[in-house]
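Participant: Here the sequence shown stands for residues 282 to 350, where the numbers follow the working numbering.
No lab work stands behind these hints: they were computed from the structure. Just so it is clear, CB atoms sit at the ideal spot from N, CA and C, and this is done for glycine as well. One should not assume that every hint holds.
DSS-like, lysine-lysine: derived pairs with alpha carbons at most 25 angstroms apart [stated by the list, open to error]:
#1 Lys332 with Lys315
#2 Lys315 with Lys283
#3 Lys329 with Lys315
What follows is a set of in silico ranges between Cβ atoms, one per label pair, in the way DEER data are often shown [to be verified]:
#4 Glu310 with Ala346: 13 to 21 angstroms
#5 Arg314 with Ala288: 19 to 27 angstroms
#6 Leu289 with Leu326: 38 to 46 angstroms
#7 Lys329 with Leu289: 35 to 43 angstroms
#8 Met282 with Gly322: 30 to 38 angstroms
#9 Ile301 with Pro327: 24 to 32 angstroms
#10 Asp318 with Val297: 36 to 44 angstroms
#11 Asp293 with Pro325: 47 to 55 angstroms
#12 Ala288 with Gly322: 40 to 48 angstroms
#13 Ala346 with Val297: 33 to 41 angstroms
#14 Lys292 with Val319: 31 to 39 angstroms
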Amino acid sequence: MKCYYCALEGKDSEAVAICIVCGMGLCMEHAIRKDVDVWEGGYPLPSKRVKAPLPRILCPECYNALYGK
Numbered sequence: 282m283k284c285y286y287c288a289l290e291g292k293d294s295e296a297v298a299i300c301i302v303c304g305m306g307l308c309m310e311h312a313i314r315k316d317v318d319v320w321e322g323g324y325p326l327p328s329k330r331v332k333a334p335l336p337r338i339l340c341p342e343c344y345n346a347l348y349g350k
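Full structure from sequences and hints, please.
Facilitator: Here you go:
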């Protein structure tokens, strides 16, 4: 699989990750690693944060949509 962003730029880079939200293939340059807090518990409450955050890989578009940066 090739990196989607590099393909748009006319480059030929292998994808090393896939965005967890949209499924886009990403190279090391375009992959964004984000540690995400996970919450567990019943509905409606109580809920508590799991001890350690889970690492997630996002593309720049999904990262901006979720975190506004």
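Participant: Name the hints, by number, that the structure is in violation of.
Facilitator: Checked against the structure, the hints that fail are numbers 10, 13, while the rest are satisfied.
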